[in-house]
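Protein chains in written order, with the numbering used here: chain A, 1 to 306; chain B, 1001 to 1099; chain C, 2001 to 2402.
What the hints contain is simulated information worked out from the structure, not anything from laboratory work. Please note that the accuracy of each hint is not assured.
No more than 25 Å apart at the CA atoms, straight line, and that leaves these computed lysine-lysine pairs for DSS-like [as the list claims (entries may be wrong)]: (1) A/173 to A/262; (2) B/1040 to A/4; (3) A/10 to B/1040; (4) A/91 to C/2197; (5) A/91 to C/2242; (6) B/1008 to C/2230; (7) C/2242 to B/1007; (8) B/1007 to C/2230; (9) C/2242 to C/2297; (10) A/94 to C/2297; (11) C/2197 to A/92; (12) A/4 to A/169; (13) C/2197 to C/2047; (14) A/284 to A/169; (15) A/204 to A/169; (16) A/92 to C/2047; (17) A/263 to A/169; (18) C/2230 to B/1003; (19) A/293 to A/253; (20) A/263 to A/284; (21) C/2242 to B/1008; (22) B/1004 to C/2230.
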Amino acid sequence: MTLKLSDAVKEQDLLAPGHRACLGCAEPTIVRQILHAIEGPVIVASPTGCLEIITTPFPATAWRVPWIHVAFENVASVLSGVETAYRVLRKKGKIADRDITFVAFAGDGATYDIGLQFLSGAMERGHKFVYVCLNNEAYMNTGIQRSSATPLGAWTTTTPVGKGVPGKKHIRKDITGIMVAHNIPYVAQAAPHAWRDLMAKARKAAKADGPSFINVLTPCARGWRYEPGDTMAISRLATETYMWPLFEVEAGKWRLNAMPEKKPVAEWFKSQRRFAHLLWPENKGVLADIQQKIDHDWDVLLKRCG
Amino acid sequence: MAKKGWKKLSPGGLVTEAGSSVEYQTGTWRSWRPVVDRTKCNYCLRCWAYCPDGSVLVEDGRVVGVDLDHCKGCGICACECPQQAITMVEEIKAKLEES
Amino acid sequence: MSHVAEYVQGEAVALEGDFVVAEAMRQINPDVVAAYPITPQTEIVQKFSEFVANGEVDTEFIAVESEFAAMSATIGAAAAGARAMTATCGAGLALMWEMLWCASGMRIPIVMTVVNRSLSAPLNILTDQTDMMASRDTGWLQIYAENHQEAYDNTLQAVRICSHPDIKIPIMAGLAGFVLGHTLGRVEILPDDVVRKFVGEHHQDHPLLDLAHPVTIGAFDHHDNFFEHKRQQWEAFDNALKIIPEIGEEFGRLTGRYYGHVDPYCLDDADLVIVIIGSGAGALRAAIDEMRADGAKVGMLKLRTFRPFPADAVADALRGKKAIAVMDRVTCFGGEGTPTFAEVCQALFTRNIDTKVVNYIYGVGGRDTVPAEFCQVYADLLHVAETGNTAPVRRYLGLRDF
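Chain A with its partners taken away, still in its complex shape (with noise of 0.2 Å):
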């Protein structure tokens, strides 16, 4: 069945408003898209987090559907515990015997660093649940601390901008490159401007036969430093810029989504005051070697892609 926002907007959204999200987040944005996505009934399991605090201060829930939070490290395990249950109740016939997706919505504090540990054990286990990482790229809960999602050369509260020192000295690590050394059957890179290539996605992963993995790009107006209206627009340029590609890998199979028409890195620098410095006079080789990384990495994928 074709993804429509004339069809998805007939069904109540399953997250609900009055949620405490700062103006413009994209998570709940995200989540919104990805629950209307995913056909039948869903249960979410959420670590400690942005998505986790602004739903569900007691006795408050935005939640409309089952939903789990145990801590900030095991969102995998704890949704393997749960899927598992799941399997062996509706085996014993104690439950009804349907079709749940189980889908995890976690920050990239809690799937790169804290919680890698307990990913990658679900994840070789093989269990049948969508993990989605709402992706930052920092700790921003907590107040904006780096996270090794942090893209290099970011302003962070922990990888601040000092005499000599451009913000963070690290590159990204490749997670969703991660993920796919996993076998799994299905990785992806998203972000929320493109909604309908997001929602296939979702929909696709909710279908595979065993764990998948959606990075999404989450714009963040306070970690980021930007208007809170421009979360899309940002989104945007993220895939324009080559920062963050669309692409998708089934079966260990690679495949490209979008091929928008190259912008200079400069310009995604320019968009968030946690890369001003990176334009500064002083650190225009830290810029050029950036944008060699990006033109060499999507040479990279260019390549996986076919």
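With chain A fixed as given, assemble chains B and C onto it according to the hints.
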């Protein structure tokens, strides 16, 4: 709403009322309010797809307005509308005009 | 205690302690087990994996990648509505420490066997009770076994205790690593259908998998609700004080083996008492028999329940005694005495029971304690009773103190 004592409180962080966040009016956060010119709207529904707060009201596939109880006035809808059908006006002005 | 006409006869077998627990788990047939191997618990998960592979249980076994993942997955499965069990010890229990608080705070009933092992460093894989004792604050119920039979019986009762509607707290059932876990002991195993009937069907209020009633499990608290949520946990502990002996009584009527919070031995006419937890009670029992044969008025109070601490039962048992030695098989630091000693003293003091109490640390890191050493404790107690002098408060039994 009076807070419950320990004897009546739902144990362990369990919430049984799904979607109860709707009671909290995030619309009070607004400094800017989106105003939809329905004559310009071509029903692409991108505003609905992009709204973080699910506050774009749609009836029969047409945008009919904004949920002012919850819209935070982030301006994504205004920024993204391909028809420029949405403008952000200052909340204070909009409120004055209402009264 | 009233005796019913017939107790269920179990089949007497010789089994390693770990296999006893595995057998109990086989009979309970939980929905999900998520566990990570750690010496000396490994035999449990290995044996249980065999049951799974042979289709002798309906359990899904998740071979997780760490103990943290084990408790996380167990919490997830139990919150979903499954009967979930796990096992660990020592460093494994330490690794899942954050999760212990989550399981109890979320009021998730889980049965976890802890094959008591010391905590590094230095690395030591042998038995003492530091792992469970150091997690006594985490909001879990804690019971200990003296021998193989108790390990079996405790596992069965634990299922009922933790999921009782007035409790809903996860439970740790401890047995000594290697000393019980890897040795053969005589156990009466109940028939499968008797066990099934005793543990009953699993029921979970508000399971995550109930699509018709979508719940949010694990919302966060501001300062306005956290205290009230914690007060509820205290209530559950107070209820457990009452309910653990009730379930022990029910088990006794079934099997002839009655359980409560404490197990007194030769206490009635004893002036001097040694308080102990776990397998050391076996050696102490032998020592007491020897000493009594020589006319000593000595007795033992074995604690089965440590959490909730059975203060009334302990105080009642020790009222009127002249001197008490509290044995602690732990490396818990910084107090004037160690945990069991501290809690026994508190129970006595708040009930205005005036007596003399001293603290012995023994058997740590797998060090064996022989009956002769307990006789030394008795000799010390005689001196304490005579002179009224309790110094030093903290003593070390079996230490090369030079």
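Status of the hints after comparison with the structure:
1. A/173 to A/262: Holds: residue 173 of chain A and residue 262 of chain A sit about 23 Å apart, inside 25 Å.
2. B/1040 to A/4: 21 Å, holds
3. A/10 to B/1040: Roughly 22 Å separates the two Cα atoms, so the pair holds.
4. A/91 to C/2197: 21 Å, holds
5. A/91 to C/2242: Not OK: residue 91 of chain A and residue 2242 of chain C at ~37 Å, beyond 25 Å, violated.
6. B/1008 to C/2230: Holds, because 13 Å separates the two Cα atoms, which is no more than 25 Å.
7. C/2242 to B/1007: Cα-Cα ~19 Å, so holds.
8. B/1007 to C/2230: 11 Å, holds
9. C/2242 to C/2297: Status violated; Cα separation ~31 Å.
10. A/94 to C/2297: 57 Å, violated
11. C/2197 to A/92: The hint holds at about 18 Å.
12. A/4 to A/169: Violated, at roughly 43 Å.
13. C/2197 to C/2047: 23 Å, holds
14. A/284 to A/169: 15 Å, holds
15. A/204 to A/169: Violated: residue 204 of chain A and residue 169 of chain A sit about 36 Å apart, past 25 Å.
16. A/92 to C/2047: 23 Å, holds
17. A/263 to A/169: 24 Å, holds
18. C/2230 to B/1003: 16 Å, holds
19. A/293 to A/253: 23 Å, holds
20. A/263 to A/284: 17 Å, holds
21. C/2242 to B/1008: Satisfied, since the Cα-Cα distance of roughly 22 Å is no more than 25 Å.
22. B/1004 to C/2230: The hint holds at about 14 Å.
The earlier numbered hints that this structure contradicts are 5, 9, 10, 12, 15.
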